[in-house]
Amino acid sequence: MDSVRYDRERRGHRVPIALKILIAGGFGAGKTTLVSALSEVRPLQTEEILTGAGVDTDDISGVETKSTTTVAMDFGRITINEDLQLYLFGTPGQDRFWFLWDELAFGALGAVVLADTRRLADCFPSIDYFEQRGIPFVVGVNCFDDSRRFSLQAVRRALDLNPDVPMVLCDARDRQSGKTVLISLVEHVARQRGEPVPAA
Amino acid sequence: MQADLPGNQHEWLDDDAGPVVRPYTLTGGRVRTTADGFDLVAYVLAKPDPDLAAFPELHPEHRLLVELAGSGTPVVELAADLDLAVGVVRVLLDDLLCRGLVAVHQPPRATYLPDNDILKAVVDGLRAL
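Read top to bottom, the protein sequences are chains A and B. Just remember that my numbering sits 1022 ahead of the position in the first sequence, which is counted from 1. Just remember that my numbering sits 166 ahead of the position in the second sequence, which is counted from 1.
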């Protein structure tokens, strides 16, 4: 449609480029925590209405209608410069919201899959999702205080990860740690495109 | 169990399904937009000095959107600011787009993005945070 355009200059007003990054992982893996730690603003929340796309796969038994008609999305923002902003979207944890994942993933730069070593299998669906769609991702192994420390090698084996996929130990509560995960994602995207970003 | 019955999706539209319908009341029941745009991070930019008085049919929410989009705001932030579901905001934005009150700037698709300058700027920016 003509009126929906991709042009960045209009009447001298320069519109920034916004890049989407998804923060995925199982329920309780620290997605919202990571978005909060990284966002320059209080993490924002909006909601999407559960449409027919979600109804077919939905098991509504025992779930109150009022709480299932919309699904909340957490998001945060990082301003890189006046022309460039990153938007971080926490993906909904429940499988029945896949339709929303498709929307979030559309045009996304890449994804961070947070893994909780206490419940490693919870991040399998996220990994499958990004692998199947060819969306670049890194795995952040969230080090909870009470979790057993596994070697990255052991986690990689357990996840059956492609050797190219970077894995990073992280603490989702810590901004610096979260930054490291995002940097490793963007570097991974650049490597995949054949032009690695020079090391600092 | 209901789930085994054909057409069980209509269970969602029974007498208790108020919340399903309510968000779209504002849009007159419309759930789709004519434009296939409005990515979550598409920037909406209001026309300067829009003549909203010429459009008496617009809701207060439309007017608020025009105001919020004065300096360019992504769709998802507009939805958060208005505390409306993204689907509803898309329909309202479509109304504004059709009336020439806003312009929408789609984000570059990932496939258009082998722009390594951008990736390098992101990494540099993150390192500097």
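Treat the hints loosely; a few may be bogus.
[As the list claims (entries may be wrong)] Example chain A residues on the side facing chain B (calculated, C-beta under 10 Å, incomplete):
(1) E1062
(2) I1100
(3) E1125
(4) L1126
(5) L1131
(6) P1147
(7) Y1151
(8) Q1154
(9) S1173
(10) R1195
(11) D1196
Just so you know, these hints were derived from the structure itself, not from any lab. C-beta atoms are modelled at their ideal positions from N, C-alpha and C, and glycine is treated no differently.
Here is how each hint holds up against the structure:
Checking E1062 (chain A) against chain B: minimum C-beta separation of about 9 Å stays under 10 Å; hint holds. The restraint placing I1100 (chain A) at the interface with chain B holds, with a minimum CB-CB distance near 7 Å, inside the 10 Å limit. At its closest, the beta carbon of E1125 (chain A) sits 7 Å from a beta carbon of chain B; the interface hint therefore holds under the 10 Å criterion. Interface restraint check for L1126 (chain A): the shortest CB-CB distance to chain B comes to about 7 Å, inside 10 Å, so the restraint holds.
Nearest Cβ of chain B to the Cβ of L1131 (chain A): about 6 Å, under the 10 Å cut. The hint holds. Checking P1147 (chain A) against chain B: minimum C-beta separation of about 21 Å lies over 10 Å; hint violated. Restraint check, Y1151 (chain A) versus chain B: the minimum CB separation of about 15 Å is more than 10 Å; hint violated. Hint status for Q1154 (chain A) relative to chain B: violated, with the closest Cβ pair at about 16 Å, above 10 Å.
Given hint, S1173 (chain A) at the interface with chain B, is violated; its Cβ is 27 Å from that chain's nearest Cβ, farther than 10 Å. The restraint placing R1195 (chain A) at the interface with chain B is violated, with a minimum CB-CB distance near 16 Å, outside the 10 Å limit. A distance limit of 10 Å between C-beta atoms decides the matter here; for D1196 (chain A) the minimum to chain B is near 13 Å, and the interface restraint is violated.
Against the hints set out earlier in the document, violations occur for numbers 6, 7, 8, 9, 10, 11.
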